[in-house]
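Mind docking chains B and C on chain A? Use the hints.
Here is how the chains run, residue by residue.
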Amino acid sequence: MSPNPFDPAARLTGCSCGAHASQAAHDAGHDARLRRAVETTLLRAIFPNDTNRRAFLRAVGTTTATAAIATIFPIAAATEALADAGPPEKKSLKVGFIPINCATPIIMAAPMGFYAKQGLEVEVVKTAGWAVVRDKTLNGEYDAAHMLSPMPIAISLGLGAPAQPYRVAAIENINGQAITMALKHRDRRDPRQWKGMTFGIPFDYSIHNYLLRYYLAEHGIDPDSDVQLRLIAPADMVANLRAGNIDGFLGPEPFNQRAVYDGVGFLHVLSKELWDGHPCCAFAASQKFITDAPNSFAALMRAIIDATAYAHDPAHRSEIAAAIAPANYLNQPQIVIEQVLTGTFADGLGNIRKMPDRIDFDPFPWQSFAVWMLTQMKRWGQLKGDVDYAAVAREVFLATDARKLMQQAGLSAPATDTKSFAVMGRNFDPSAPEQYLSGFAIRRT
Amino acid sequence: MNSFISIEAIARRFGAQPVFENLWLGVPRGSFTCMIGHSGCGKTTVLNILAGLDAPDDGVVIVDGRAIEGPSLDRAVVFQSHALLPWRSVLGNVAFAVASRWPDAPRAVVQARARAAIARVGLAGNEMKLPAELSGGMKQRVGIARALSIDPKILLMDEPFSALDALSRGTLQDEVRRICTDTDQTVFMITHDVDEAIYLADRIVLMTNGPGARIGEIVVNTLARDRTRADLHRQPGFYELRNHLIDFLVTRSAALRDTMPPGHDNRHPPEIRLTPPRSTQETPCAVNS
Amino acid sequence: MTLSLAARGAILSLLILALFLAAWQIAVSGGGSAPAMDPEYAKLMGQSAVTGHSAMPGPADIARGLWQALRDPFYDHGTNDKGIGIQLAWSVARVAAGWLLAVIVAVPLGFVIGMSPLLGRAFDPFIQLLKPISPLAWMPLALFTIRDSGISAIFVIFICSLWPMLINTAFGVSSVRTEWLNVARTLEVRPIRRALTIILPAAAPTILTGMRISVGIAWLVIVAAEMLVGGTGIGYFVWNEWNNLSITNVIVAILIIGLVGMALDQALARAQAAVTFPQ
Numbered sequence: 001m002s003p004n005p006f007d008p009a010a011r012l013t014g015c016s017c018g019a020h021a022s023q024a025a026h027d028a029g030h031d032a033r034l035r036r037a038v039e040t041t042l043l044r045a046i047f048p049n050d051t052n053r054r055a056f057l058r059a060v061g062t063t064t065a066t067a068a069i070a071t072i073f074p075i076a077a078a079t080e081a082l083a084d085a086g087p088p089e090k091k092s093l094k095v096g097f098i099p100i101n102c103a104t105p106i107i108m109a110a111p112m113g114f115y116a117k118q119g120l121e122v123e124v125v126k127t128a129g130w131a132v133v134r135d136k137t138l139n140g141e142y143d144a145a146h147m148l149s150p151m152p153i154a155i156s157l158g159l160g161a162p163a164q165p166y167r168v169a170a171i172e173n174i175n176g177q178a179i180t181m182a183l184k185h186r187d188r189r190d191p192r193q194w195k196g197m198t199f200g201i202p203f204d205y206s207i208h209n210y211l212l213r214y215y216l217a218e219h220g221i222d223p224d225s226d227v228q229l230r231l232i233a234p235a236d237m238v239a240n241l242r243a244g245n246i247d248g249f250l251g252p253e254p255f256n257q258r259a260v261y262d263g264v265g266f267l268h269v270l271s272k273e274l275w276d277g278h279p280c281c282a283f284a285a286s287q288k289f290i291t292d293a294p295n296s297f298a299a300l301m302r303a304i305i306d307a308t309a310y311a312h313d314p315a316h317r318s319e320i321a322a323a324i325a326p327a328n329y330l331n332q333p334q335i336v337i338e339q340v341l342t343g344t345f346a347d348g349l350g351n352i353r354k355m356p357d358r359i360d361f362d363p364f365p366w367q368s369f370a371v372w373m374l375t376q377m378k379r380w381g382q383l384k385g386d387v388d389y390a391a392v393a394r395e396v397f398l399a400t401d402a403r404k405l406m407q408q409a410g411l412s413a414p415a416t417d418t419k420s421f422a423v424m425g426r427n428f429d430p431s432a433p434e435q436y437l438s439g440f441a442i443r444r445t
Numbered sequence: 001m002n003s004f005i006s007i008e009a010i011a012r013r014f015g016a017q018p019v020f021e022n023l024w025l026g027v028p029r030g031s032f033t034c035m036i037g038h039s040g041c042g043k044t045t046v047l048n049i050l051a052g053l054d055a056p057d058d059g060v061v062i063v064d065g066r067a068i069e070g071p072s073l074d075r076a077v078v079f080q081s082h083a084l085l086p087w088r089s090v091l092g093n094v095a096f097a098v099a100s101r102w103p104d105a106p107r108a109v110v111q112a113r114a115r116a117a118i119a120r121v122g123l124a125g126n127e128m129k130l131p132a133e134l135s136g137g138m139k140q141r142v143g144i145a146r147a148l149s150i151d152p153k154i155l156l157m158d159e160p161f162s163a164l165d166a167l168s169r170g171t172l173q174d175e176v177r178r179i180c181t182d183t184d185q186t187v188f189m190i191t192h193d194v195d196e197a198i199y200l201a202d203r204i205v206l207m208t209n210g211p212g213a214r215i216g217e218i219v220v221n222t223l224a225r226d227r228t229r230a231d232l233h234r235q236p237g238f239y240e241l242r243n244h245l246i247d248f249l250v251t252r253s254a255a256l257r258d259t260m261p262p263g264h265d266n267r268h269p270p271e272i273r274l275t276p277p278r279s280t281q282e283t284p285c286a287v288n289s
Numbered sequence: 001m002t003l004s005l006a007a008r009g010a011i012l013s014l015l016i017l018a019l020f021l022a023a024w025q026i027a028v029s030g031g032g033s034a035p036a037m038d039p040e041y042a043k044l045m046g047q048s049a050v051t052g053h054s055a056m057p058g059p060a061d062i063a064r065g066l067w068q069a070l071r072d073p074f075y076d077h078g079t080n081d082k083g084i085g086i087q088l089a090w091s092v093a094r095v096a097a098g099w100l101l102a103v104i105v106a107v108p109l110g111f112v113i114g115m116s117p118l119l120g121r122a123f124d125p126f127i128q129l130l131k132p133i134s135p136l137a138w139m140p141l142a143l144f145t146i147r148d149s150g151i152s153a154i155f156v157i158f159i160c161s162l163w164p165m166l167i168n169t170a171f172g173v174s175s176v177r178t179e180w181l182n183v184a185r186t187l188e189v190r191p192i193r194r195a196l197t198i199i200l201p202a203a204a205p206t207i208l209t210g211m212r213i214s215v216g217i218a219w220l221v222i223v224a225a226e227m228l229v230g231g232t233g234i235g236y237f238v239w240n241e242w243n244n245l246s247i248t249n250v251i252v253a254i255l256i257i258g259l260v261g262m263a264l265d266q267a268l269a270r271a272q273a274a275v276t277f278p279q
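Sequence order for the protein chains is A, B and C.
So the first sequence is residues 1 to 445, counted in the numbering used here.
So the second sequence is residues 1 to 289, counted in the numbering used here.
So the third sequence is residues 1 to 279, counted in the numbering used here.
Just so you know, these hints were derived from the structure itself, not from any lab.
What you are looking at is a predicted structure, and each value in this text was computed from that prediction instead of being measured.
A hint or two may mislead.
[As the list claims (entries may be wrong)] Below, a list of computed lysine to any residue pairs in the SDA-like style, where the Cα atoms sit at most 20 Å apart:
hint, chain 1, residue 1, chain 2, residue 2
1, A, LYS94, C, THR79
2, C, LYS43, A, ALA322
3, C, LYS43, A, ILE335
4, C, LYS43, A, LYS90
5, A, LYS272, A, GLU121
6, A, LYS90, A, ALA131
7, A, LYS288, C, GLY216
8, A, LYS384, A, ALA322
9, A, LYS94, C, ASP76
10, B, LYS153, B, ARG177
11, A, LYS91, C, THR79
12, A, LYS91, C, GLY78
13, A, LYS288, C, ILE146
14, A, LYS354, C, LYS43
15, C, LYS43, A, PHE440
16, C, LYS43, A, ASN240
[To be verified] Examples of chain A residues lying across from chain C (beta carbon under 10 Å, computed):
hint, residue
17, ALA110
18, VAL124
19, ASN139
20, GLY263
21, PRO326
22, ALA327
23, THR344
[Said to hold, decoys possible] Simulated coverage check for chain C against chain B, where a stretch passes if three residues somewhere in it have a Cβ under 8 Å from a Cβ of chain B:
hint, segment
24, 179 to 189
25, 196 to 202
Cβ coordinates follow ideal geometry from the N, Cα and C atoms, glycine included.
Pulled out of the complex, with its shape left as it was, chain A reads as follows (with noise of 0.2 Å):
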């Protein structure tokens, strides 16, 4: 159970799963679970300083300030809101998206009807890039947004532009990224080889990065001193390659396959080699959006999550790949969204492979994918001093309310928010994240 907000004993940035008394507790009453949830949103807005909170608890007593604070605002209505969602505030809405496969499930969720199946009107909406998606839903012009992963968790802490609470509401695809190298490399497999080379990233604040510069230092090259990387849009990525400009490029898909159909490049190694069931994009809102629409949002989810599930049967792939390739979407050919989709693709090099878990879709936003994100921002000096690992992770990535939507959705969702992993063979536990930083090498810390 989440520790109580209104006490002033207790820390909400603490963690919460390291709060439950037992299993038991946390399984104790569903509603008010939910509306511990509300309370806790609403004095975290109230009081983003935790020790203000405390003291203010203190000093008027916690019953005193719960009987003011559900005056201003109905804490009731709130909490049964997000229990069962009502009739969306909001029907039409407009969500933002990059044309990559990352998207798959925010883009046939419109032309395959799992927005029109939860009663919302959503236009899907083609943006030119990642700063763009992230202005225009910063600007309120989108609802919510296809991202990258750690953005929310940058915008949340104000890194590269004003900070603002974001939420990642569910992670879109696992895996489903490549490092693509030029045909002229194609003997030069070992990374060792590649110092002084230049290659392509779309974003700093990109799993693109941060595997990039992973895979690079583990094979001894440190990312900022022995190669070039350039922030290269993904369509820019497959024309730089050809025109010699770059090397090679860890992108998202369909433009490492694009790569390979157009034949300037080869598949080197796909993210999925390198971490197993890594997150990439994400399904983003503001909390604004969140706090201000909850049944829209829910509704929202609810879709993405249907989507993503669907998307996950590789027995539809196909069929989703005609539905997201034409010119509204992904505007790329269908067989390249295909290979893609299916696992069965050309390399690059003569070979056909077959992976069908090459990409694959989970919404569940494991809070463990923040922490590791926040310790590769602390590593490369995107992010410095101290952090609180735990608290940002469960602030940005909404593990409770993926959960209990995947579960009125009829899918099994994790009981807990964290979970151990590896990333090239070494092992991360979310619950020692400095001990894992100090851990490598190359760092800039």
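For chains B and C alone, coordinates are given in the frame of chain A:
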């Protein structure tokens, strides 16, 4: 003398250098006055002050009993460069002036009046042409039509014919003389051209050289009032008059700048009247008015 | 037989075009050798990779693409897939909105600056400082403050159209010939009437020159701005086709952008000719 225009002790300086100082001049109503002088004697400045486009540093100009303060529709100007508005037709240019004079007049009245003014300078049929389609002489006719169209009390002309070829200049001089004589228009005109002054002017104001120019003398034109351009040189006294003017311009205008004759009074410059010669021995007599 | 200069020029133009197209066709049709490829594998690969042909489209491909785009310019297959006519309409509408706003601001302001040497001097440092800023540099600031990408795009058009018009209007107004102003003074024309009947027509050719420069810049900028913020417009169309690495459609869009830009320029040139007076 009952002066319609009375220039009283005006001075104009550019920096410390006076163009002229303590300048006095009277212009009778209905007279045609020409001012002649070399460049730099300030004649255009005098005209601009009369027009109200420039203001004297000292002194005052009285027109019809009232000191002038700025430009007025009572004093129409014909500019040396004609200054037509090139985006307006001949009619448009003249009508612009008419509409300025009578802002409340109906359009038809304005147009009719403008057309009449255009006809008066012999440009009937060219109303719709743009200035660029006209010859230099025609443009200046439009300038004159524009000035006359507003029935000014005084017509001010700044070397209006200097940019024209000899033929056009002659015809235009005829037109101006006819119109001004017919209407008893008070005219003040600047010119370089001695023959033009003799033909047109009743009184010729001779300026000494600048800076610090003065009115050397005022020559009263005693030639017959019904003179024409064709018979001008046969008029008795024409050559005496002409020689006197040229002599002034060639030698005396410079000499007088340095030393004025004793008894010269800026307020009453000498008024010269060359009587028609009965014999060649006769000398001019100076009359102080 | 002698043809007029215009006719000979036209023939030469066509000849240059034909030569260019032929050279282009030859350059792209140089068939590389088809690499040996397993047929199953080949099915997964693109045309240029399989045949070894250049990925650069030839003139015939462009003509086909142009026909495709113009045959049905107003189709609407969803939010992100609309015909080129609709996209052009969006772009032209944005340019028109930003440009007209700039006219509304720049012409009166330019008038004031041009008529008052004091204000001219006072505004000059700001104009000189702001003028050379790339319009697109305003985009992040606009997005952040206006919080709407469509209006931001219009704002960027506004800001890039402003300076040429402002500077030209001020220059045109300040250099109205003194003799015309003197005509107005001797006719006792009141300031408002003088502004409208003397200064405006006298400065109109210069102002229109500014407007023409502005519309040219605006058209250049809108394409870039729409590539940046996306959503709709011809810039988005280019970006979307580039995202698909469809060189053919990118070239088609470039051609159409050029044609529309030319049309805008010609429209302003006509307006300019209409207010220009022979001296």
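Evaluation of the provided hints:
Proposed proximity of A:LYS94 and C:THR79 is supported: the alpha carbons are some 10 Å apart, at most 20 Å. For a cut-off of 20 Å, the pair hint linking C:LYS43 to A:ALA322 stands: about 17 Å separates their Cα positions. With a C-alpha separation of about 9 Å, the suggested pair C:LYS43 and A:ILE335 falls inside the 20 Å cut-off, and the hint holds. A C-alpha spacing of about 46 Å is found between C:LYS43 and A:LYS90, which places the hinted pair above 20 Å, so the restraint is violated.
Proximity of A:LYS272 to A:GLU121 is assessed by CA-CA distance (about 34 Å); at most 20 Å being required, the pair is judged violated. This hinted pair does not check out: A:LYS90 and A:ALA131 have alpha carbons roughly 26 Å apart, beyond 20 Å. Of the supplied pair hints, the one linking A:LYS288 and C:GLY216 is violated, its CA atoms being roughly 41 Å apart against a limit of 20 Å. Simply put, A:LYS384 and A:ALA322 have alpha-carbon atoms about 45 Å apart, too far for the 20 Å limit, and the pair is violated.
Proposed proximity of A:LYS94 and C:ASP76 is supported: the alpha carbons are some 18 Å apart, at most 20 Å. Distance check on the hinted pair: B:LYS153 and B:ARG177 sit about 16 Å apart at the alpha-carbon level, within 20 Å; holds. The suggested pairing of A:LYS91 with C:THR79 holds, with an alpha-carbon distance near 17 Å, which does not exceed 20 Å. A C-alpha spacing of about 18 Å is found between A:LYS91 and C:GLY78, which places the hinted pair at or below 20 Å, so the restraint holds.
For the hint linking A:LYS288 to C:ILE146, the alpha-carbon distance of about 18 Å falls within 20 Å, and the restraint holds. Restraint check for A:LYS354 and C:LYS43: the C-alpha separation of about 15 Å stays at or below 20 Å, so the hint holds. At most 20 Å may separate the alpha-carbon atoms for a hinted pair to count; C:LYS43 and A:PHE440 exceed this at roughly 43 Å. Between C:LYS43 and A:ASN240, the direct Cα distance comes to roughly 25 Å. Violation of the 20 Å bound is thereby established for this hinted pair.
Checking A:ALA110 against chain C: minimum C-beta separation of about 8 Å stays under 10 Å; hint holds. A least Cβ separation of about 7 Å between A:VAL124 and chain C falls short of the 10 Å threshold, and the interface hint therefore holds. Interface restraint check: A:ASN139 against chain C, minimum CB-CB distance 4 Å, threshold 10 Å, status holds. Residue-level restraint check for A:GLY263 holds (minimum Cβ-Cβ distance to chain C is 3 Å; threshold 10 Å).
Given the 10 Å rule on beta carbons, the hint for A:PRO326 holds: about 7 Å separates it from the nearest Cβ of chain C. Below 10 Å, beta-carbon pairs count as interface contacts, and A:ALA327 has one with chain C at about 4 Å; its hint therefore holds. About 8 Å separates the beta-carbon of A:THR344 from the nearest beta-carbon of chain C, less than 10 Å, and the hint is met. Residues of the segment 179 to 189 of chain C lying with their CB closer than 8 Å to a CB of chain B number 9, which satisfies the three-residue condition for coverage.
Restraint check on the segment 196 to 202 of chain C versus chain B: 4 residues with Cβ-Cβ distances below 8 Å, three needed, restraint holds.
In this structure, the hints that do not hold are numbers 4, 5, 6, 7, 8, 15, 16, in rising order.
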